[in-house]
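4 protein chains.
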Amino acid sequence: MKRIDDFREIIDNYEVVFFDAFGVLKNYGGLVPGIERTFEYLEELGKEYYIVTNDASRSPMQLAESYHKKGLNIITPERVISSGMLTKEFLDLKVDDGIVAYLGTEDSAHYIESEGLHTLPVSAITAENFDKVNALVFLDDEGFDWCNDLNKTVNLLRRRTIPAIVANTDFAYPVNVNEIAIAVGGIAAMIETIVGKKFIRFGKPDSQMFMFAYDLIREYRPISKKEIVMVGDTLQTDILGGNKFGLDTVLVLSGNTLAADAQNRMTSTGIVPTYICDSAVIR
Amino acid sequence: MKRIDDFREIIDNYEVVFFDAFGVLKNYGGLVPGIERTFEYLEELGKEYYIVTNDASRSPMQLAESYHKKGLNIITPERVISSGMLTKEFLDLKVDDGIVAYLGTEDSAHYIESEGLHTLPVSAITAENFDKVNALVFLDDEGFDWCNDLNKTVNLLRRRTIPAIVANTDFAYPVNVNEIAIAVGGIAAMIETIVGKKFIRFGKPDSQMFMFAYDLIREYRPISKKEIVMVGDTLQTDILGGNKFGLDTVLVLSGNTLAADAQNRMTSTGIVPTYICDSAVIR
Amino acid sequence: MKRIDDFREIIDNYEVVFFDAFGVLKNYGGLVPGIERTFEYLEELGKEYYIVTNDASRSPMQLAESYHKKGLNIITPERVISSGMLTKEFLDLKVDDGIVAYLGTEDSAHYIESEGLHTLPVSAITAENFDKVNALVFLDDEGFDWCNDLNKTVNLLRRRTIPAIVANTDFAYPVNVNEIAIAVGGIAAMIETIVGKKFIRFGKPDSQMFMFAYDLIREYRPISKKEIVMVGDTLQTDILGGNKFGLDTVLVLSGNTLAADAQNRMTSTGIVPTYICDSAVIR
Amino acid sequence: MKRIDDFREIIDNYEVVFFDAFGVLKNYGGLVPGIERTFEYLEELGKEYYIVTNDASRSPMQLAESYHKKGLNIITPERVISSGMLTKEFLDLKVDDGIVAYLGTEDSAHYIESEGLHTLPVSAITAENFDKVNALVFLDDEGFDWCNDLNKTVNLLRRRTIPAIVANTDFAYPVNVNEIAIAVGGIAAMIETIVGKKFIRFGKPDSQMFMFAYDLIREYRPISKKEIVMVGDTLQTDILGGNKFGLDTVLVLSGNTLAADAQNRMTSTGIVPTYICDSAVIR
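Protein chains in written order, with the numbering used here: chain X, 1 to 283; chain W, 1 to 283; chain F, 1 to 283; chain U, 1 to 283.
Do not take every clue at face value.
[Claimed, not checked] Reference excerpt, derived from the structure (chain U facing chain F, CB under 10 Å, subset only): (1) D141; (2) W146; (3) R158; (4) T161; (5) F171.
[Unchecked claim] Below, a list of computed lysine-lysine pairs in the BS3-like style, where the Cα atoms sit at most 25 Å apart: (6) W/K2 to F/K132; (7) F/K197 to X/K197; (8) X/K226 to U/K132.
In short, the hints are calculated from the structure, not lab data. All of these numbers come straight from a predicted model, not from anything done at the bench. Glycine included, each C-beta is placed from N, C-alpha and C at the ideal position.
Isolated chain X (complex conformation) (with noise of 0.2 Å):
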């Protein structure tokens, strides 16, 4: 592990930067200071970059415009890589028909519907048209009454043996400084233990949602591993998830992890980054 002053340094040796979202570009406050230079520098060498998210409950286009709303205009929806995503590619390949019933905000299931697949809240299932919900996604902790729609959930899925998909994995998110809330993940978790089967995850530092973002580079452009780089704030996920996908990491300090913690949280999990650095700020 090495320490990396300027982020500058970074972007020189890759041609390619991932990033996750929250805790790198924005934070509670907003974006993070300065991190557009760090955009414009990337423009400026022609160097691809990605924002790799754990988030299903907006689509890429509502992401991107998110960002725009803070003053990031540069950033457009292709350049955004979500899990919702992959829960979108999991539901065109693989259920061919039917409901897909969700836990979420209609905002987060509109994204997913597609051709012959229509989605309905878990609240809106009723005994007619139970037999044809076909999957059930897990997409956002709001939108919908915890104690009514979890129970139906729990119902659901033990008497439909359907696919279950958590389209994001972490079990807590930050709400602020000092408040965390409980993520789908979480919820999720609970119910996979009480029905006892098997879910189906989608998001960092699962493989697939690496592997997404790297086919989309190569549909325009030969790339190899070692050209690429994430950047994150989460050990668990960031790191871990792009250290076994092979590619080179970044850990930065303006997030999840604190300056003062960092090296205690790599010597007690075993996680260790290509690099550390304060933030994805270039000087």
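Using the hints, position chains W, F and U against chain X.
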């Protein structure tokens, strides 16, 4: 493992009988038909009996009343041993003062209240009383707003280093022949994973439950474990717990475990009762 | 949590003291220097004490002797309560006849042998006596060939539906200041996952361990839990178990938990002792 | 899920077939009788096929040879994709120099050796070369002394913060009709729990295994996931992994999953193949 045709044979061979409640004495529809004969026979012979239940949602008084309403007048509060009683003992011994925050109904909380210890639903915890909370108890899955109060619980346990007690360890419970509901034990396990702290659990199969009943008996008469039999419908709680504590055990087929599955489940879990009997009803 | 300077203060305030062994009374190098004064003081005041240990590798007799050899002659076998004793009680109550197969040394097995129950190392199980094996006990990590005997154990437990007892639940134990070794509890957990059956575990933090000691005392004198204190060096076993059983607890810093880490570990695990004291040695 | 009578129908409908090895192509007794006809038919139609196996105990070359010895000469090393190959890719990309310590046979280690990276069995790690160990790989359950070398591995991983790679994630494997053996994946999981660090796992159901095969094909021809089918005998690895990657899947009943259990297992795990077929043999 020995098949027993008439539960009378069990009673004849032991001095004390421990009964699980749900699936043994009662079911969705009310009392297991004929179960009153079992208690009449026990009284006739002057044998002891206790109901040993993973139920912290009501006090022993209220639990006894619920049997009276169903027509089983013989059950007195002294005969009921619940995981709620262990919770109360723990709080009395280990938490001297302050607030006990809880998830559950007001009824469940009333019972654990005591001199010096004030109970408050998680929803009533504020910035003002936050630092006076000296324990948190998971009592019941009802009586609170899941989304708000579970997130509040997560943050309370992250910031305060206080004991978290799970008064019902079950992950789910049956609500009718076809449906189950998430129990507070499942919710507690999810939160334990998220906050990364060790919770204290009371309830079968844990030995402390059996110990509590065993101790109660010994207050007024000498008894050995060989003279007690545990009767239950669930291998993982009643039978495993009874076996581990050193009691003989009876699996009855009037609840969770169906006759057709019993052998399979014993083989796959490795949990074997001393006896199997159709029900706890004497012929 | 209260800091205590002199362990004498603990003794003065309780009627009975439970001591963990390793890290409290002894260490790699032998006895904790000065620990004999603690026992002299206890004797002087006529207070009770027990050594409560997750050690099933030797009988109480042998464990007491090991203290004599180190120079602590005061410890008699009656003062030692081990997870091996719970295993013996379980076998006596629940396994009537046949062979008890075991993993461990001959010494560890000798102790659990009893009338009607013949012990045999897993290595001595053959096609001929296979069907007479009525229980399997994990006693110690020594005394057998890991590769052969663990594979044999897996197949024994897959084909015979018999109780599997884990007499030492620890996953690892220290062998010197820098090194640990895999304990039989870790091996048992691996095999439990592979065979998919529920094993029976004895040892702290499980309550049955404390209850056994508590019962022993009550055979000759009345005592309440408020009058007993548990002293240990490990939050996850000694302190968690003591707390759950309703005892006051003392974390000593002479073993597993270093002074520098104590606060951190309490915060991260949520396990808090009643007191912290440098060691169990009185000044 | 659709029942297919003749495996020929599967071949006719896909461009590429992925086969699991054990339980599909071979069994305890040798080749599945008639399996050579399947490969002749594939060659006849000019269809692609790969053997995708959780086997890191031998190189693709040695694995191919093992089929030749059994009489299936058609299998070339290029057709074999093993979790050992992913391990090799990881080491090549992520570990620049030094020693790779391993648990397994010399044969298994020879394959992962490369320029700059020297492999050494755990037994050969000494105080002198300890600090040069830059990775540890779990390759096979054979070729080492379990007790000594597993304890040595635990201490190596506690003191050095290096990647630990599990090249075979299975917990157990069949050795004959009645018996199984502990696989290195089970051993690795025990050690992971003891040392508390995150290991890197390769092998089905993980997507990276399927990705590796998918990438190999795309080097010489365009292909979509819809044109590939995964054939396996195990729901939890072959079918779950294939489904998640977006492939159609065939459960064959010639190995781990018996015809009588198939429906039950699908219902209880929630893992459902696209097709079920008696075997991969064409009629």
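Hint by hint, here is what the structure shows:
1. D141: For U/D141, the interface hint holds, since the closest Cβ of chain F sits about 8 Å away, which is under 10 Å.
2. W146: holds (4 Å)
3. R158: Holds. Min distance 7 Å.
4. T161: violated (16 Å)
5. F171: holds (5 Å)
6. W/K2 to F/K132: With a Cα-Cα distance of about 17 Å, the restraint between W/K2 and F/K132 holds, given a limit of 25 Å.
7. F/K197 to X/K197: holds (18 Å)
8. X/K226 to U/K132: holds (23 Å)
Of the numbered hints stated above, the single one contradicted by the structure is hint 4.
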